[in-house]
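In order, the protein sequences belong to chains H and U.
At position 191 of the first sequence (counting the first as 1) the number is 191 in the numbering used here, and the numbers step up by one without a gap.
At position 75 of the second sequence (counting the first as 1) the number is 75 in the numbering used here, and the numbers step up by one without a gap.
One or more of the hints may lead you astray.
[Stated by the list, open to error] Computed Cβ-Cβ distance ranges for the label pairs, DEER-style:
(1) H:Ser98 to U:Gly206: 31 to 37 angstroms
(2) U:Glu95 to H:Gly86: 45 to 51 angstroms
(3) U:Val181 to H:Gly133: 42 to 48 angstroms
(4) U:Gly63 to H:Leu245: 50 to 56 angstroms
[What the hints assert, rightly or not] Some, not all, of what chain H presents toward chain U, calculated at C-beta under 7 angstroms:
(5) Met1
(6) Ile4
(7) Leu90
(8) Leu92
(9) Val144
(10) Ile160
(11) Tyr168
(12) Leu169
(13) Lys178
(14) Ile180
(15) Ser196
(16) Gly206
(17) Met213
Note that these hints are calculated values from the structure, not bench results.
Even for Gly, the Cβ is constructed at its ideal location relative to N, Cα and C.
Chain by chain, the residues run as shown.
Number of protein chains: 2
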Amino acid sequence: MQNIYDNEHFFAEYENMRGKEINANNLIEKPIFFSMLPSLSGKRVLDIGCGSGDFCRFAMSSGASFVMGVDCSKNMLSVAKSYDDGITYLNLSMENLSKLDDKFDVITSSLAFHYVEDFDKLIGDIANLLKDGGELIFSQEHPVATAFKSPKGGEIDKKIDIKGKRYYLLSDYNNIGKRIVKWNDSGVIKYHRNFSCIINTLIRHGFVITSVMESYADEEAIKKEPKYAYQNDRPYFLFISAKKL
Amino acid sequence: MQNIYDNEHFFAEYENMRGKEINANNLIEKPIFFSMLPSLSGKRVLDIGCGSGDFCRFAMSSGASFVMGVDCSKNMLSVAKSYDDGITYLNLSMENLSKLDDKFDVITSSLAFHYVEDFDKLIGDIANLLKDGGELIFSQEHPVATAFKSPKGGEIDKKIDIKGKRYYLLSDYNNIGKRIVKWNDSGVIKYHRNFSCIINTLIRHGFVITSVMESYADEEAIKKEPKYAYQNDRPYFLFISAKKL
């Protein structure tokens with residue numbers, strides 16, 4: 001997995017964006033993600049790709065009995081560790097979860113799984129880290145947003161806007177694998193998986209799907225940032241909750 | 001639900017298309033649908049939107065103990081009933097499944113559910129018709145293929161092809177409801193539902209999702225009809241199998 005968050009220039013741009021209250025994470029991703037959470041009171045919670053620890057602090061303040069956050073970025077973890085809050089942080093990439101020998105009631109991950117190449121191993125590792133009946137809740141970029149693929153030797157638009165309507169490039173939707181995207185002037189590597197691949201991988205590792213959500217901007221989000229009105233009816237993030245049998 | 005198959009002109013065009021061996025149903029939809037079926041031997045099977053009875057005859061020849069087919073089209077059923085094969089056919093629309101008081105082990109439906117407005121009622125009725133542990137296997141048009149919606153008072157392309165790549169109009173992906181599509185010179189009414197709506201409705205009615213598939217044309221299909229090569233990596237049909245707890 002690429003560790004773009006430890007690229008100095010990228011991290012500065014990212015901090016600048018996330019520092020603003022008005023961004024897609026706060027206005028669109030978080031409300032849906034939080035609406036899918038079970039009670040965390042008394043639970044052992046692991047957050048994968050914890051970044052600067054926002055969710056870990058929320059879990060701790062919600063009464064979790066133990067909270068661990070793992071992230072591949074030292075930059076991110078140095079921000080997280082600046083709080084004195086009893087949370088355990090580990091500099092561990094999502095590829096190496098099998099190094100943990102703990103058991104958790106709830107495992108969460110927000111907008112990180114699309115950076116992982118081996119989704120099958122990731123979900124298998126998570127299944128091993130969950131107690132029976134434990135829950136996984138994660139968000140990632142929506143398959144229609146990661147599907148685009150430029151032809152060899154040329155760039156192609158991943159989306160086209162015509163008369164206020166948005167078209168997505170889906171010719172390679174079923175062609176799962178690496179995608180390179182420009183973000184904050186850097187080339188960010190993501191891995192596209194179609195919907196069936198994501199769902200069937202969870203099922204194969206003993207999960208029962210309990211809920212699926214697709215992102216939208218609600219009225220409150222659009223009031224705060226009118227430009228998100230166009231996100232009302234098109235998907236950008238995918239959210240899944242699943243229970244380990 | 002619109003009964004387009006009893007429109008004389010539409011039915012003639014449809015029969016003409018389906019009469020050819022080389023079509024998307026035979027080459028793309030059927031192989032995936034059949035790969036998801038459990039053994040039908042000794043089972044009570046209901047096929048919803050059975051059309052001219054192809055699947056019912058397959059179920060009977062696979063050893064099913066009882067096969068019922070329901071369809072809203074008298075045209076279709078008159079073809080189905082021309083065979084003398086012990087299959088029970090009923091002229092019943094998908095909206096009226098609650099009129100049946102039978103129980104089944106397996107319920108199937110091929111490319112019909114996108115014609116139904118009230119998906120919640122449909123899935124609730126199917127849950128009532130299935131024995132505990134019974135299975136539902138269905139295909140329908142893929143959400144990215146039904147998502148398009150023209151603005152009021154104007155037409156807009158549902159897809160755009162550029163440099164051999166295909167873009168889908170997804171601005172209204174989360175806006176579920178009626179869509180009107182031109183097909184065989186007629187205006188066909190379909191109902192778009194996003195992925196989360198489909199999955200969550202099944203879960204709400206006590207189903208456990210067991211598999212999800214998205215259509216592709218395999219090598220054999222492309223050998224028979226090279227023009228389906230472009231369907232290799234873009235989705236057109238969605239397939240779900242689910243078990244009633």
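Comparing the hints with the structure gives:
For the pair H:Ser98 and U:Gly206, the beta carbons lie near 35 angstroms from each other, so the given range of 31 to 37 angstroms is met. Checked against the hint of 45 to 51 angstroms, the C-beta distance between U:Glu95 and H:Gly86 comes to roughly 57 angstroms, which is inconsistent with it. For U:Val181 and H:Gly133, the Cβ-Cβ distance of about 44 angstroms falls inside the hinted range of 42 to 48 angstroms, so the restraint holds. A C-beta distance of roughly 31 angstroms is found between U:Gly63 and H:Leu245, which places it outside the suggested range of 50 to 56 angstroms.
With its C-beta approaching chain U no nearer than about 24 angstroms, H:Met1 sits outside the 7 angstroms limit, and its interface hint is violated. Below 7 angstroms, beta-carbon pairs count as interface contacts, and H:Ile4 has none with chain U, the closest being about 27 angstroms; its hint is therefore violated. Among the interface hints, the one on H:Leu90 is violated; its C-beta lies about 32 angstroms from the nearest C-beta in chain U, farther than the 7 angstroms criterion. This hint is violated: H:Leu92 has a C-beta 31 angstroms from the nearest C-beta of chain U, more than the 7 angstroms allowed.
Interface hint status for H:Val144: upheld, as the beta-carbon distance to the closest one in chain U is roughly 6 angstroms, under 7 angstroms. The interface hint given for H:Ile160 holds, since its Cβ lies 6 angstroms from the closest Cβ of chain U, which is under the 7 angstroms cut-off. Contact between H:Tyr168 and chain U, as hinted, is supported at the beta carbon level, the nearest pair being about 5 angstroms apart and thus within 7 angstroms. For H:Leu169, the interface hint holds, the least distance from its beta-carbon to any beta-carbon of chain U being 5 angstroms, beneath 7 angstroms.
Interface hint at H:Lys178: violated, since its Cβ lies 15 angstroms from the closest Cβ of chain U, which is beyond the 7 angstroms cut-off. The interface hint given for H:Ile180 is violated, since its Cβ lies 16 angstroms from the closest Cβ of chain U, which is over the 7 angstroms cut-off. The criterion of a C-beta within 7 angstroms of any C-beta in chain U is met by H:Ser196, whose closest approach is roughly 4 angstroms, and the hint holds. The interface hint given for H:Gly206 is violated, since its Cβ lies 12 angstroms from the closest Cβ of chain U, which is over the 7 angstroms cut-off.
Look at H:Met213: its Cβ gets to within about 5 angstroms of chain U, closer than 7 angstroms, so that hint holds up.
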